[in-house]
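Protein chains in written order, with the UniProt record's numbering: chain A, 1 to 390; chain B, 1 to 390; chain C, 1 to 390; chain D, 1 to 390.
Each hint can be trusted.
Sample of chain C residues facing chain B (criterion: CB under 7 Å; computed from the structure):
#1 E77
#2 H199
#3 K200
#4 A320
Within a straight-line C-alpha distance of at most 30 Å, the following computed DSSO-like cross-link-like pairs (lysine-lysine) qualify:
#5 A:K24 - B:K13
#6 A:K13 - A:K112
#7 B:K5 - B:K112
#8 A:K13 - B:K24
A short list of chain D residues far from chain C (calculated; beta carbon distances all over 12 Å):
#9 R14
#10 D17
#11 Y57
#12 V108
#13 L125
#14 D247
#15 I255
#16 A265
#17 P269
#18 V328
#19 E336
Hints listed in this document are in silico derivations from the structure and should not be mistaken for laboratory results. Using N, Cα and C, we set each Cβ at its ideal position, and we do this for glycine too.
There are 4 protein chains.
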Amino acid sequence: MIAIKDKYSKVRKRSEDICSTLEKEDYVVQPIVDVSPPKWHLGHTSWFFETFILVCYVEDYSSFNPSYHFVFNSYYESLGARVIRTNRGNLSRPTVDEVYEYRRHVDVAMDKLLSQPVSEELHALIILGLNHEEQHQELLATDIKYILGHNPLFPTYEEILNPIAVDTATNEFITVKDSMHNIGYDGNGFCFDNELGRHKVFLPAFKIAKNLVTNGEYLSFIKDDGYKKHEYWHAEGLDWVKNNNIDAPLYWHWIADQWYSYGTAGIQPLKMDQPVAHVSYYEASAFAAWKGMRLPTEFEWEAMCNQFPWGDRWEWTGSAYLPYPGYVRAAGAIGEYNGKFMVNQMVLRGASIVTPPEHSRPSYRNFFHPHLRWQYTGIRLARTVNTDDL
Amino acid sequence: MIAIKDKYSKVRKRSEDICSTLEKEDYVVQPIVDVSPPKWHLGHTSWFFETFILVCYVEDYSSFNPSYHFVFNSYYESLGARVIRTNRGNLSRPTVDEVYEYRRHVDVAMDKLLSQPVSEELHALIILGLNHEEQHQELLATDIKYILGHNPLFPTYEEILNPIAVDTATNEFITVKDSMHNIGYDGNGFCFDNELGRHKVFLPAFKIAKNLVTNGEYLSFIKDDGYKKHEYWHAEGLDWVKNNNIDAPLYWHWIADQWYSYGTAGIQPLKMDQPVAHVSYYEASAFAAWKGMRLPTEFEWEAMCNQFPWGDRWEWTGSAYLPYPGYVRAAGAIGEYNGKFMVNQMVLRGASIVTPPEHSRPSYRNFFHPHLRWQYTGIRLARTVNTDDL
Amino acid sequence: MIAIKDKYSKVRKRSEDICSTLEKEDYVVQPIVDVSPPKWHLGHTSWFFETFILVCYVEDYSSFNPSYHFVFNSYYESLGARVIRTNRGNLSRPTVDEVYEYRRHVDVAMDKLLSQPVSEELHALIILGLNHEEQHQELLATDIKYILGHNPLFPTYEEILNPIAVDTATNEFITVKDSMHNIGYDGNGFCFDNELGRHKVFLPAFKIAKNLVTNGEYLSFIKDDGYKKHEYWHAEGLDWVKNNNIDAPLYWHWIADQWYSYGTAGIQPLKMDQPVAHVSYYEASAFAAWKGMRLPTEFEWEAMCNQFPWGDRWEWTGSAYLPYPGYVRAAGAIGEYNGKFMVNQMVLRGASIVTPPEHSRPSYRNFFHPHLRWQYTGIRLARTVNTDDL
Amino acid sequence: MIAIKDKYSKVRKRSEDICSTLEKEDYVVQPIVDVSPPKWHLGHTSWFFETFILVCYVEDYSSFNPSYHFVFNSYYESLGARVIRTNRGNLSRPTVDEVYEYRRHVDVAMDKLLSQPVSEELHALIILGLNHEEQHQELLATDIKYILGHNPLFPTYEEILNPIAVDTATNEFITVKDSMHNIGYDGNGFCFDNELGRHKVFLPAFKIAKNLVTNGEYLSFIKDDGYKKHEYWHAEGLDWVKNNNIDAPLYWHWIADQWYSYGTAGIQPLKMDQPVAHVSYYEASAFAAWKGMRLPTEFEWEAMCNQFPWGDRWEWTGSAYLPYPGYVRAAGAIGEYNGKFMVNQMVLRGASIVTPPEHSRPSYRNFFHPHLRWQYTGIRLARTVNTDDL
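Next up, chain A with everything else stripped away, as it sits in the complex:
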């Protein structure tokens, strides 16, 4: 039980560490619907443990505040009414201090629960809760960046970042012949239900890049008027570009004839050799088309990811987010975790510089709508090759 108790407290602490240099005001705002207030993340992840574990497994558990159930439910229809997502940024209460008190309350109860032997079922739920919290840590990092990066004062801030492995290698491709692969999680550890149902996939011959596309390479696309050349874009992508006056990745600023980007150090000159980040699927796809290539499928990525470095950027794939063969939604509220989102979103593979350590694996499937780009989303190139040419 030591292991799970330690893991619990380590993961929980990390969420608070991410927020440790924030001002109270930073915890409150929600500038766009996709970005939740940091205090909401802190409360919601605690609510998850309270709702799915403490209420069910601790006989005399006393809720910190029954109204929080309404405030911190994210999207679980099975669990009743909730504050609608667009309104999270309208709530000044509970205060940040109260949310931290709430975390203490939950942590004390969990600590007590974990001091006793834990059933396999409960263990699985806790691990799910911790993985859930790690997902929110990633969102915390990107939401904080969005909140501060869209403030006209462009404040600097601290962030728990993994180091970026900028690879100096030239733009090499790995060539893969026609071949059969096993896709999906295959281990004894934790994974989400959308990774299950390991199954065979046949992949026609292809090439996949060893490195991610850099800021410098993406800049060439911009300079070639890539945002204006309709032939590289999806029709809906072009509409998105026009309606939102998009002409560069998020956080890029053109100031006094030079490109800058916003990050923890505030506004800084763009680093050309870093992997490009904060692009939408539409942009990633248009860039690839401009290069005469395409994005890899999620299967190509998973099959080959042991042969190239990854983990700096969430990488857009050309695969829509759909269930694997034999996917079954779990019963009850836990079943609302993944399956109900399997439409109109694209799969991302890998991990990013704000992904918690040990939270990524080759079979991990992330997913976002194609226009979103507040995550550290990047681009890896691929293309189909003629088998006869190999």
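Assemble the complex: chain A is given as a structure, and chains B, C and D must be docked to it using the hints.
Using the frame of chain A, we list chains B, C and D on its own:
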């Protein structure tokens, strides 16, 4: 100069007093476009003194932070770009502490300026700035109520309120014969430019109520299905009712077969003899029609207001907000204060329980769009009478 | 009875004459919500006679098609469900031929009814129906212009127009001293209920232009960048200009370095000495401010209109559309004619080149939302003067 | 050349036959953005031949009307400005007669061109143009149904329908073991570029239904409150249901305690044994989940479609519309045909009762956004099976 210096510090202090029991988080949010974050009000009123007075009248004045000009400009086109109104609630920075520092910075400079002799022109500007700040004090009070009253935790709070003069008199009307009246400000003190241009208005005979409509009277309208009887409503009012599922004034809640309303003490049973508040023009007008009467015009109100008690509720009138004959917009940014809003809004007369003392007068013209009701808006009845019957 | 029978058939015929050169397709479309399909106007005006007269006064009247009640009700809540206004252009059926058959059906029944003695009450209803139809004739003319003028083929068409009385006189003003006037309808003929309640109004001294503003004068405003100078605009007007990229009156086109306008003859070079038409209240008001003047109030207009030519353009006034003192909504569906629109609209006075002959009078009050300009709306200037200067 | 000339005239005639019983008014309206006016389809398909063939291959070709290029371009960015899609229903001109004249003009020129020897390249373009027109014939049929089926008069109409093969067989499933399949077009005839790039796909064992889901089966889902059980729905599907008050397939009406549906014969009692039609992907997917199954992938469908009857309903698959490996967009305007729509849409396979004869094939890929249902969209069930159980 003592007088103006004292008045300055007294008014400025009052803004901060209104916020004195808020949590930091309460200062930040903007649940609807009309409700600004309290810290924005505190910053904007300081910006007003900085921009219109300190920058112009203090030779070596050094701005607290030049970016604040962009953050705290409300709507002055003459003064350049600004944060758009709908985005005020997305700004976590400047922090509440920084905004208070900003106030200190401005106050110190103003204090120094006011320690010397003050020209008439400068005096007038300061008085304008203080009246401007008092208007924002009223908004501060109602915006705080909105922020807390729409929080699912319904927190209690403190507020600087004037006492409500509940009048026990029966529902008497004052009768006025055909008569000529002088309308508009007529004194030596301060008034806004929309009150100027004192002019004669002829009023056909009418009756005007001595008292405001009470919660109890308004409840009768609800019980009679008033919200569903189209014959009492403007077409746009009925659309507003249907699209927003309106069935009672703002802050009224129907809980367990009883009406409650939200206020400083949290959710409390509705007090029937208090004047109704937080109704839109559409509701005020429909209620009056249901009573077989109408709202008074702003001229009827001003002509007779010395004969009935007022000051608890801003009172909707049946007059559209339009310029008086001979109204001229002032040159420059100051000219954007009133004139550009003279379309699509209705006039309110009187004052409310959160109006600062000495901030009201018979000629004062407030104005809002007809669907708004987060102010303490109430109803006084009137009707036209046949002269021959008098 | 001859008189009313003749008037009936004359007015009814005029509606069809207006449409006589249309293609069937022109009868069907609704390019914006304010513009109804011509066949809808033809059906709705017949429905008015059927619903308010034939159904009530003809014992054995048999409806042409009961479903038409749903199709051709415009906005009468008292009369049940209806096709919502935005959907009128989605209805291909009833066909144009069927609508004309419907008119024949109604006309035959009316003809029979009018061959017998008619009570005073019925007579009044018929006159109301005919005035209602004349209002729709004006809309028919402007809606047809909108439909064809927004077609990329810019077809020519014929229209029943009154001649424009272009006045060559110089820009003279009539001066009026402080004076009392009687406002509202004062006769034995027909008027709408919003003109009733004749009452005294005191008018401070003012000047009012004898002539309307011309295209040439309005062009000077454009050339002086009037659309970009915020100081002349209402805040909501400026938003409207920006959001809709407005830079000239409706139907003006800048082609190959020259201004053209669209009319019955298609696209033609702009005639500088004609009165400007198709401007919104916002534009009219901004133009007046740019000239250092204002629009006349509806009372100033009515008081003086016997001293200047009018009838070419509906003239925006600076008066909001509000009830006269003592205005009472009629009971039943007829009561929905005017009162429920008395908010958020501005009054227009006069008449336009497409107003049916004998349909205008000094007390006539038209009204539109301030952004609308598909009517022949124009500008007359006025200003307040200091009595002492007279 | 006879063959292509005959085929041309046969296909072109069919478009006009579909419209032969329409009233002129039916040709004009566009009740929702997805439904184009019939006259627009007739013009656009002619514009396709004019733009891609006559202008390029006939030296002295004289355009019928150069403005039509602007009016009838659908979405080709390469070809310049165009009437935006939402405005098609606002165009009363060109008239229906003029559109038919335009067709004559194009047909005469094509006839002349086809009387001479035709190059392979030209032949391919003509075949593309005819397939394009056949696609629009399908849309013509469904758009006409939408226009008339949403008219409050519910008119009857004639339509060129293929007979429905109602299969009386019981609900049998075909079982398929783990197996490799070739997917994509493999012949010498015509296909669209999205079918090309024939490639191997490995399919894990599955079962697929021989018959389509019937109205009767779908009704059971409704009776079991299927539209309210969130566990069967995608989150975006549930939002769509709630926001649009969806409780049955399109064209179903609940009248006097009985279900009816609208079709060529007007409103008729629902036929229980007919395949359900006019459901969205969300509904199809929720129904399958309620049955404990799923929709087939497009690969499962293509691999097995020679073993079950199809052609009555377009069948939603569980596959997102994405390019096949090695898909390359053609250069120029022709390249805008398919690739730019490959995001946010789901694949449909099969054909429907309004698909032109010979226009379908096993590799044909249709695609729509998941909320759309004005096509004859139906449901076939499938499920993954455990290989070991076989």
